[in-house]
Amino acid sequence: MTEQNQASTPSTRLLSGNEAIALAARDAGVSLAAGYPGTPSTEILENIAKEGSLYCEWAPNEKVALEVCIGASFTGARTLCTTKHVGLNVAADPLFTAAYTGVRGGLVIICADDPGMHSSQNEQDNRHYARAAKILMLEPADANEAYHFTRAAFELSERFDIPVLVRTTTRINHGKGVVQLQPAENISHRTFDTQRDPQKLVMIPAFARMRHEILEASLERMATYASDCDLNTTTRNGSKVGVITSGVSYAYVREVVPADWSILKLGFTHPLPETLISDFCCSVDEVVVVEELDPYLEDTVRRLGFACKGKELFGRTGELNPDIIAKGLGLDHRASDVPAKQLPPRPPVLCPGCPHRGPFTVLKKLDVFVSGDIGCYTLGVNKPLDSIHACVCMGASIGMAHGMDRVLSPEQRRKVVAVIGDSTFLHTGINALVNMVYNRSTSTVFILDNSITAMTGQQGNPGFGPTLMGEPTANVNMEELCRAMGVKHVYKADAFDTVSLETLARREVNRDELSVIIVERECILAFKDIVKPALEVNQSTCIGCRACLKVGCPALIWHEQNRKVSIDPTLCTGCNICVPECPVDAIITPKKS
Amino acid sequence: MEDKITNILLAGVGGQGILLTSEILSEVALGKGLDVKKSEVHGMAQRGGSVVSHVRIGKEVHSPLIRSGEANFLLSFEKMETLRWQSLISRDTVCIVNDTQIFPTNVNVGLDKYPEDIDAFLDQNFNACFRVDASKLAVQAGTAKAANIVLVGALARLLTDYDKELWLDAIKRKVPKATVKINCEAFRLGYESMVL
Ligand code: SF4
Ligand code: SF4
Chain C
1 MTEQNQASTP STRLLSGNEA IALAARDAGV SLAAGYPGTP STEILENIAK EGSLYCEWAP
61 NEKVALEVCI GASFTGARTL CTTKHVGLNV AADPLFTAAY TGVRGGLVII CADDPGMHSS
121 QNEQDNRHYA RAAKILMLEP ADANEAYHFT RAAFELSERF DIPVLVRTTT RINHGKGVVQ
181 LQPAENISHR TFDTQRDPQK LVMIPAFARM RHEILEASLE RMATYASDCD LNTTTRNGSK
241 VGVITSGVSY AYVREVVPAD WSILKLGFTH PLPETLISDF CCSVDEVVVV EELDPYLEDT
301 VRRLGFACKG KELFGRTGEL NPDIIAKGLG LDHRASDVPA KQLPPRPPVL CPGCPHRGPF
361 TVLKKLDVFV SGDIGCYTLG VNKPLDSIHA CVCMGASIGM AHGMDRVLSP EQRRKVVAVI
421 GDSTFLHTGI NALVNMVYNR STSTVFILDN SITAMTGQQG NPGFGPTLMG EPTANVNMEE
481 LCRAMGVKHV YKADAFDTVS LETLARREVN RDELSVIIVE RECILAFKDI VKPALEVNQS
541 TCIGCRACLK VGCPALIWHE QNRKVSIDPT LCTGCNICVP ECPVDAIITP KKS
Chain H
1 MEDKITNILL AGVGGQGILL TSEILSEVAL GKGLDVKKSE VHGMAQRGGS VVSHVRIGKE
61 VHSPLIRSGE ANFLLSFEKM ETLRWQSLIS RDTVCIVNDT QIFPTNVNVG LDKYPEDIDA
121 FLDQNFNACF RVDASKLAVQ AGTAKAANIV LVGALARLLT DYDKELWLDA IKRKVPKATV
181 KINCEAFRLG YESMVL
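Protein chains in written order, with the working numbering: chain C, 1 to 593; chain H, 1 to 196.
Some hints here could point you the wrong way.
[To be verified] Pairs of lysine-lysine, DSS-like flavour, derived with a Cα cap of 25 Å:
{"#": "1", "chain 1": "C", "residue 1": "LYS327", "chain 2": "H", "residue 2": "LYS113"}
{"#": "2", "chain 1": "C", "residue 1": "LYS532", "chain 2": "H", "residue 2": "LYS145"}
{"#": "3", "chain 1": "C", "residue 1": "LYS383", "chain 2": "H", "residue 2": "LYS113"}
{"#": "4", "chain 1": "C", "residue 1": "LYS341", "chain 2": "H", "residue 2": "LYS113"}
It is worth saying that the hints were derived from the structure and are not from the lab.
Chain C extracted, bound-state conformation:
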């Protein structure tokens, strides 16, 4: 950022990386954007939808989203696919072969990694995907570059006939900065059609062998291009130390290194510009590589025959920040002179009135092993609910429960339940349930249907709608779907009626056949109109037994002084879940005054 004095011109705006990418898609003339919500990538499609000038959709999962984009690209349209890092695992199958077919309209995949795992189950480094799938990769270092690199990605995709991965990290997606917008592309000349070209688009072995040759040749051309394109920049200050870096790490490096160190900032990171890297390494006495997570750049520097320092200084886990880098490099850094104070942690919790609280309250009483899944309900792992006992990836709960079911004794397997949300079930749970039917599972599956994709900020999904374009749509009927797959015992239950749910759950857990219980109630954050008047604890009847506190609702407050519970009327949504827990019926609906 050098020119800062145009704050009021419409082309200079304060944007997050996600907002910048959405505008880049618009300005690059994208016709279709698709993805599945996943922090930190979600707001890209939401902003595209808000902006309103191009077609966008939520797909049920990332594999479908990428396939939709590939199809649109085959007609000549520019398309954008968005995903979080683990979502690219789901989309890996089409990705690897799309590298062979190549594209017609530019195909750009934004992949948001989450070093530090602010909202993820792992912190895999997706730069490896670019290398493994043999596609082009760019890494922006801030919101401004997120805009410009995304624009460039479409041109490069078409120039080299290849999908382009724009790899971001949480600090890029959610961090804000000043962005200089460029004039939009004129795309009125673009026409789309279904031109046939089986040798390019049909990957049977004979054609795929040819395409692989073509791909390898074009990777060499890309590497040559990378070595002198302006997406990589060298700042030459001195010949003592040279730092090689990319992404947000560049911002931290700029903050901490002495003025006489040189910096090679890589924005085009697959294929790597080997000539450029070699030249840079030759020009300095000592090379340091600063990058988050895996030694992706460092391995290449070493392979090119240069000694360097890197992971041994900064580690392979978590996010970097300026202090970690300064410490690793032995540079000055100021420590806080305020003593640390022991504070109780404040982890996120299920909201007051969250419908997931009902099934977890029941499951806790059943004392079963809960095979869990990804969503708000994963928070059921925390005390006092303590009711999620395994969680691996989207849709895994059902497969894992079935695996347990097949090896445990008939007595033990009654103690296993799978829990999955509606959006997660539609994402990748359906196949696993088909497997349970086919392979004669005796498990019980809870589908927690809150009519929305809640965790990522309340997106519509095929179970309830609307579409991302805001249109009402046909909804998947979960009950009929399960029956159609061959599940014989399918029930619907009310998440707020824990007494009935407990009776039903006890019966089904003990049944020697597969059953599905669809526990329904809308997400309280998304459907505010279902909030009811706050309840109250009758202070003269409360015996201070704390039984109600076991539901873990933030609205229930324990008072040590008088050893009683009260309800915070500004938080309570009147869901009733705590009511049956009280042995003396002290939780009541206040009389109207």
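We have chain C already, so just place chain H with the ligands on it with the hints.
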């Protein structure tokens, strides 16, 4: 202010409007023709967890993250959260603390204790620590929900390089239309509550 970078840390609890507040602050800096970087994390945090936002303002800003001990201002939305990001602050950090306590669920249910000596600790460890009863002033302005804008007003009083008009412009652009009047009043009350 011209060459120096101003580091402002905002801390509090999910749902208190911290992200909107840091947004307004950044818009004000942009309006003054300065470079801004701000960083925060969305997602899980909305569910009542600890939230932090870093805002860095200057002529040219690289890192979106504040370095250890280098926060110039700390706008804290909840008493205990003032100390959650201890490594980033120093005795010289000027603190504005919303005079309110929000219990984490485990404190509510009696599994954890809310520290009793926060006030004394703040007085002992900072050269300047201002308390603002933001909820009370917000109610006075028209709704308890405007507490974050009361805090914006308090901060504006300390950032003397920025015109009041810049703040009011940013507030008008960023808050829902129907609440502009109440929020401008909340800003005024926060601004005037600061006795320097
Ligand atoms: S009824 Fe009970 S569980 Fe439901 S929101 Fe109110 S206090 Fe919480
Ligand atoms: S369960 Fe009933 S008696 Fe026990 S603490 Fe809660 S309100 Fe009081």
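Violated hints - listed by number, lowest first = Per hint list: single violation, 1.
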